[in-house]
Amino acid sequence: MAWAAAATCWRSSRAWARRSRKAMRTLRLVLAAGLALLLLADLLWPPPLPGRAARHAQLVLARDGTPLRAFPDRRHIWRHPVRLEEVSPYYIEALLGFEDRYFYLHPGVNPVALLRAAGQWIASGRIVSGGSTLTMQVARLLEPMPHTVPGKLRQMARALQLELRLSKRDILELYLTFAPMGGVLEGVEAASRAYLGKPSLRLTPAEAALLAALPQSPSLLRPDRDAARARQARDKV
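With this note's numbering as the guide, the letters of the sequence shown map in order to residues 1 to 237.
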């Protein structure tokens with residue numbers, strides 16, 4: 001009896017092991033096929049990235065850095081591309097703390113933030129927060145998308161593509177350049193010079209917080225139009 005029970009247990013163990021190996025092989029095939037489809041989709045529908053010939057506003061400086069003349073781009077947008085080291089560390093710290101504290105950890109999409117946003121939407125019946133990462137925001141800046149469920153899914157897909165193609169530094173610098181800052185201003189450098197009269201490298205902590213909050217609602221939080229509301233937004237950063 002004991003021998004028969006042991007034999008039955010041994011056969012069951014072998015059967016379980018075979019099923020486990022088969023399941024693992026199937027899982028690997030599914031993952032490989034999914035990855036291949038993602039790579040194919042990335043090749044067929046690449047994200048729209050600004051090229052080297054992208055037009056920006058022109059700023060003529062004196063030898064001491066004093067602005068002499070400035071010219072908007074062809075669409076009359078004031079946008080000045082900046083490198084990460086050309087922006088105040090206070091602004092980078094305020095931006096990541098306010099918009100995406102896990103920027104350097106996630107692959108473009110933060111599932112925890114998305115689940116939280118979905119829960120808030122279900123509980124309140126309206127969109128309380130979008131759950132967008134900084135990469136997802138860059139995806140929408142480069143390619144405007146509707147604020148709908150299909151639009152959000154497309155935004156997530158584009159964010160994953162950006163993370164595959166670009167470094168975190170590149171993505172952050174795109175945000176620094178293209179973030180909406182009210183009116184015809186885009187990017188932290190243009191906003192800093194227009195609203196505060198200084199380059200973004202010289203922002204104070206309070207000024208950095210002010211500009212970090214501005215893209216949340218550029219038309220309402222412009223410090224030149226509603227200083228009190230802009231300060232209230234700044235204090236939440």
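Check each hint, because a few of them may be wrong.
As the list claims (entries may be wrong) - Okay, derived cross-link-like pairs now, DSS-like style, lysine-lysine, Cα gap no bigger than 27 Å in a straight line:
1) Lys236 - Lys168
2) Lys152 - Lys236
3) Lys152 - Lys168
4) Lys198 - Lys236
As the list claims (entries may be wrong) - Now the in silico label distances, taken between C-beta atoms and shown as ranges:
5) Ala227 - Trp45: 20 to 30 Å
6) Arg231 - Trp45: 17 to 27 Å
7) Pro146 - Pro111: 49 to 59 Å
8) Lys22 - Arg101: 36 to 46 Å
9) Ala206 - Ala32: 23 to 33 Å
10) Thr26 - Thr204: 22 to 32 Å
The set of hints was computed from the structure by calculation and includes no laboratory data.
All C-beta atoms, glycine included, are put in the ideal place defined by N, C-alpha and C.
**OP:** Just tell me: holds or violated, for the beta carbon distance of Lys22 and Arg101 against 36 to 46 Å?
**Re:** holds (42 Å)
Original post:
Do the alpha carbons of Lys236 and Lys168 lie within 27 Å of each other, as the hint requires?
Top reply: Holds. Lys236 to Lys168 sits at ~25 Å (cutoff 27 Å).
Original post:
Can the restraint linking Lys152 and Lys236 be considered satisfied, given a maximum Cα separation of 27 Å?
Top reply: Answer holds: Lys152 to Lys236 is near 26 Å, not above 27 Å.
Subject >> Restraint status (C-alpha distance of Lys152 to Lys168 at most 27 Å) >> reply: holds (21 Å)
Original post:
So the hint says 20 to 30 Å: do the beta-carbon atoms of Ala227 and Trp45 match that?
Top reply: For Trp45 against Ala227, whose Cβ atoms are near 44 Å apart, the range 20 to 30 Å is violated.
**OP:** Verify the proposed pairing of Lys198 with Lys236, using a straight-line Cα cut of 27 Å.
**Re:** holds (23 Å)
Original post:
Could one say that the CB atoms of Thr26 and Thr204 fall in the range 22 to 32 Å?
Top reply: Since the Cβ atoms of Thr26 and Thr204 sit about 58 Å apart, the hinted range of 22 to 32 Å is violated.
Subject >> Cβ distance range 23 to 33 Å for Ala206 and Ala32, holds or violated >> reply: At roughly 51 Å between Cβ atoms, Ala32 and Ala206 fall outside 23 to 33 Å, so the hint is violated.
**OP:** May I ask you to test the hint 49 to 59 Å on the CB atoms belonging to Pro146 and Pro111?
**Re:** Check failed, 22 Å falls outside 49 to 59 Å.
Original post:
Arg231 and Trp45, beta-carbon distance inside 17 to 27 Å?
Top reply: violated (43 Å)
Violated hints for the displayed structure, listed by number in ascending order: 5, 6, 7, 9, 10.
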